[in-house]
Amino acid sequence: MTNHWVDIRNANLIIVMGGNAAEAHPVGFRWVTEAIEHNNAELITIDPRFTRTSAVAQDRAFIRTGTDIAFLGGLISYLIETDQIQREYVLHYTDAALIVRDGYGFEDGLFSGYDESTRSYDKQSWMYEMGDDGFVRRDESLRNSRCVYQLLREHYARYTPETVSSITGIPVETLQRLWKKMAATCVPDKTMTFCYALGWTQHSTGSQIVRAAAMVQLLLGNMGLPGGGVNALRGHSNIQGLTDLGLLSQLLPGYLTLANAKEQDYAAYIDKRTKQPTVEGQVSYWKNYEKFHVSLMKSWFGDAATETNQWCFEWLPKLERPLYDVLDTFERMSKGEMTGYFCQGFNPLASFPDRAKVTRALSSLKYLVVMDPLNTETSEFWKHYGEYNDVDSSAIDTEVFRLPTCCFAEDEGSIVNSARWLQWHWAAAPPPGDARPDIRIMAELYRELKRLYEAEGGAFPDPLLNLTWDYKIADEPSPQELAREYNGRALADLVDAEGNVTRRAGEQLSGFGELTADGKTAAGCWIFTGCWTEDGNQMARRDNSDPYGTGNTLGWAWAWPANRRILYNRASADVQGRPWGPDKAFIWWDSEQGLWVGADVPDFVATSPPSQGQMPFIMQPEGVGHLFAGQSMVDGPFPEHYEPFESPVKDNLLHPGNSRARANPAARIFDDDREALGKPEDFPHAATTYRLTEHFHFWTKHAELNAIVQPEQFVEIGEALAEEIGVAAGDWVKVSSNRGSIRAVAVVTKRLRPMQIGSRQVHHVGIPLHWGFTGAAKKGFLINALTPFVGDANTQTPEYKSFTVRVEKA
Amino acid sequence: MAINVTRRQFFKLGGAGLASSSLAMMGFAPEPAEASIRQFKLSHAKETRNTCTYCSVGCGILMYSKGDGSKNVEQDVFHIEGDPDHPVSRGSLCPKGAGLLDFVHSEGRLAYPQVREAGSDEWKRISWDEAYARIARHMKDDRDANFVRRNAQGQTVNHWTTTGFLAASGSSNEAGYITHKVVRSLGMVAFDNQARV
Chain A
1 MTNHWVDIRN ANLIIVMGGN AAEAHPVGFR WVTEAIEHNN AELITIDPRF TRTSAVAQDR
61 AFIRTGTDIA FLGGLISYLI ETDQIQREYV LHYTDAALIV RDGYGFEDGL FSGYDESTRS
121 YDKQSWMYEM GDDGFVRRDE SLRNSRCVYQ LLREHYARYT PETVSSITGI PVETLQRLWK
181 KMAATCVPDK TMTFCYALGW TQHSTGSQIV RAAAMVQLLL GNMGLPGGGV NALRGHSNIQ
241 GLTDLGLLSQ LLPGYLTLAN AKEQDYAAYI DKRTKQPTVE GQVSYWKNYE KFHVSLMKSW
301 FGDAATETNQ WCFEWLPKLE RPLYDVLDTF ERMSKGEMTG YFCQGFNPLA SFPDRAKVTR
361 ALSSLKYLVV MDPLNTETSE FWKHYGEYND VDSSAIDTEV FRLPTCCFAE DEGSIVNSAR
421 WLQWHWAAAP PPGDARPDIR IMAELYRELK RLYEAEGGAF PDPLLNLTWD YKIADEPSPQ
481 ELAREYNGRA LADLVDAEGN VTRRAGEQLS GFGELTADGK TAAGCWIFTG CWTEDGNQMA
541 RRDNSDPYGT GNTLGWAWAW PANRRILYNR ASADVQGRPW GPDKAFIWWD SEQGLWVGAD
601 VPDFVATSPP SQGQMPFIMQ PEGVGHLFAG QSMVDGPFPE HYEPFESPVK DNLLHPGNSR
661 ARANPAARIF DDDREALGKP EDFPHAATTY RLTEHFHFWT KHAELNAIVQ PEQFVEIGEA
721 LAEEIGVAAG DWVKVSSNRG SIRAVAVVTK RLRPMQIGSR QVHHVGIPLH WGFTGAAKKG
781 FLINALTPFV GDANTQTPEY KSFTVRVEKA
Chain B
1 MAINVTRRQF FKLGGAGLAS SSLAMMGFAP EPAEASIRQF KLSHAKETRN TCTYCSVGCG
61 ILMYSKGDGS KNVEQDVFHI EGDPDHPVSR GSLCPKGAGL LDFVHSEGRL AYPQVREAGS
121 DEWKRISWDE AYARIARHMK DDRDANFVRR NAQGQTVNHW TTTGFLAASG SSNEAGYITH
181 KVVRSLGMVA FDNQARV
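First to last, the protein sequences are chains A and B.
With the numbering used here, letter number 22 in the first sequence gets 22, and the count goes up by one each step, no holes.
With the numbering used here, letter number 42 in the second sequence gets 42, and the count goes up by one each step, no holes.
Incorrect hints may appear among the rest.
DEER-style ranges, computed between Cβ atoms [stated by the list, open to error]:
hint, chain 1, residue 1, chain 2, residue 2, range
1, B, E107, A, D583, 29 to 39 Å
2, B, D68, A, K750, 47 to 57 Å
3, A, S659, B, R149, 55 to 65 Å
4, A, T118, B, A145, 25 to 35 Å
5, B, D76, A, D583, 47 to 57 Å
6, A, D59, B, D76, 33 to 43 Å
Keep in mind the hints are simulated off the structure, nothing from the lab.
Even glycine gets a Cβ: it sits at the ideal position worked out from N, Cα and C.
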């Protein structure tokens, strides 16, 4: 979230799109109802279904799954053509005035630089044009045909209400009614917030949907303000923390990135990531990249990391492909190219697409290690469970180890909520039997490996043997020790420009501003620096006071970065540093103190006066928000609507007849998986998967209470489809895709209605995901028997929200 | 509508909080006098603060356990409720969080290390030492056989692609941090967590 849960109460308009917060995040959603009741706010939902969120909304639209960019692109065009933008914000705080290179273009569904053989773009032309002074050229009038604003206008001019309606299935008058309400927040003192979840990310265009929303918010001047922002309502309780800590194939902690194989030179590796300002005088905070990187290397490798050996750069693994994501990994596994796999609190048999392929892949492993508090389906993928897991154990040679871990109630430490708050928790009881904490298991396994490498030698053991391990109990580091380590400490006395000591060697650091690139500081995750200072554990703070009445409780827990609660909050004030409106006052420039002050920690240089002209988006080299993404996305600088890989529609209506631009041209799909895609004539119904309020993924079916309240698998179909296929409520239906099928009870509902798409009616089928063959609930089918093995072009997040099926009476 | 209900009935009806919100809306509250029984029960419990393990709203919870904290007494959680001090949740729990106690005591909880041998159709209990020894042997054999120092182009890559690791976004930052540290020191790259899906 750019903002936070309680801040939703400050919104004037709330858009829930690509999510169903009332069911999936019920307690967070209370702040939406708070805004409706006490801030006169309106809630609008845009979803294929009439959800429990829709049920309490003041207005709503039903959208064909996978067409969100068409809706948002149409909105962008509407804002521009009706001149309902926050002009001062757009001019100063976005890149609208910046000029783009001549070579950039977009034609027949493809951006400049497309190579069909690799399904990728040469992004050379996707750049701003640099002037002779070394900074980006700009046109304050916004009239230059090559400025971002005009290119944006041109790009979305195609997204007329009629075209958007034909793609999305939303009637033109509904589109215009909703767009008008959203556009009304372009005034400086009104804010709209977007709340989204996996309904946006689990598409082959997922990242670009989120970007489109961010662009809308920049145009409306809603980013950085209370009640504004683009708010990812994230899934698991610590999915934010694991992302922050970089447990993803290409990342290091704190959004630092691993080198690819071509980056053999340390200086060039750092230089590429060290972003210098491209507009004169801007902050461009990534110019400090090396400080974060070196501090991480000192944290991991201690005295072994020196300037001479380039802080152990050689020891870090280098990537030979953009991502070693889970789809890539299971593709390799299914081809017998992998030996072993660890599943720590993760249930891929249930969670990854094309379950038949996942079973094949796991069966090809030599060993599988499952660390989990629960008996997951993955741990028993080899066991016959009738039609729910129809395998022959004797034919599967994978050795499976199952290691019991603690659950939250037996665990001490911190987790990061969706609002970036690190909250500390304590253990209430010991785990059952001989279960152990994850920390201990990782430590003991590491120590066992180290013993083997010390005794036998082996492949490149240096990083393993030199890993810092100065924990009091080597087999079980304490959460406190690890938290202090990722916060970071001084390894030598730190001095300021005048030579005064600012931090003694050995002391905990209080912020990432103290980090250095000369090996004098260690910090395992720079964005977390400040969470455990010399004043102790900031994550355990419990002061819930709200001195400014904005819902900002700076004394509760600790938020990264630097305990800021709303990102980009400098943009909550105008160019002169004054709040855009009395209701939206959040931080402002106090000329007497010479400081930015207010309800939050400024996301800015606190002493930088407005007259200095530094702009709010300090992580960007230009200091402004990007309407034009430059080279940061793999599939285009502007979001473009493409059909889901499996769609009930044969043509992309924006690019009829161009099969290359039907689905995302830059999304990766493996040959076998392309073959396994269904055709609209065989699988005519649009399908989408989702969660229910009584359940959390595949965990709560193990909890008796939840298993009682929602015991049995079902699928939802609309009344019209039910009539068409002769199914009554409560009948069993078979739902098939080109990859597999499931059986479930049919819930026939008014909540799903047929949509008019071009010349035909499209029915949606709703598939809740919570059942499996282990747990306390009734046994059910893992619904990933149905889903396609293709992901978002940028993140490879699987396209679970849009695929096609056929429903028939079972 | 006024209905007299005892504390015990209230708990039963409330399903440990599942339906308590709608009950409260109906003006359906227990007799104040009965509250003292609950106070009595909870005052003899140890109260531990935690965060709900399900979604990322991060609701505050209070866990009540039996046992007086003495070194030879094992704590056992018997009640979980929302933390009223928490600025987001203010004491609320949703239908998922209302069942937390049943997650802690689920029959599906694993208690001992086990192995399923190749081709077998059953689990076999093993010791932690055996589990570590066998897993570490598998890892080292595979890593030594397939670790790549230099690729075909002669570039130093120092990576290990044939064993992969999925980390848990239900685990703590501290578990995540040490997992990352160990996994990267081995040169592993097929490394992801639930944020990927």
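Handout entry: Outcome for the supplied range 29 to 39 Å, where the beta carbon pair is E107(B) and D583(A)
Key = violated, 52 Å
Practice task
Could you tell me whether the CB distance from T118(A) to A145(B) stays inside 25 to 35 Å?
Solution key: Given range 25 to 35 Å: holds, Cβ gap about 31 Å.
Practice task
Take a look at whether the Cβ-Cβ distance between D68(B) and K750(A) falls inside 47 to 57 Å.
Solution key: Taking Cβ atoms as reference, D68(B) and K750(A) lie about 55 Å apart, which means the hint holds.
Practice task
Take a look at whether the Cβ-Cβ distance between S659(A) and R149(B) falls inside 55 to 65 Å.
Solution key: violated, 43 Å
Practice task
Confirm or reject the claim that D59(A) and D76(B) have a C-beta distance inside 33 to 43 Å.
Solution key: violated, 50 Å
Practice task
For D76(B) and D583(A), compare the CB-CB distance with the range 47 to 57 Å and indicate the outcome.
Solution key: Holds - the Cβ-Cβ distance for D76(B) and D583(A), about 50 Å, lies within 47 to 57 Å.
The earlier numbered hints that this structure contradicts are 1, 3 and 6.
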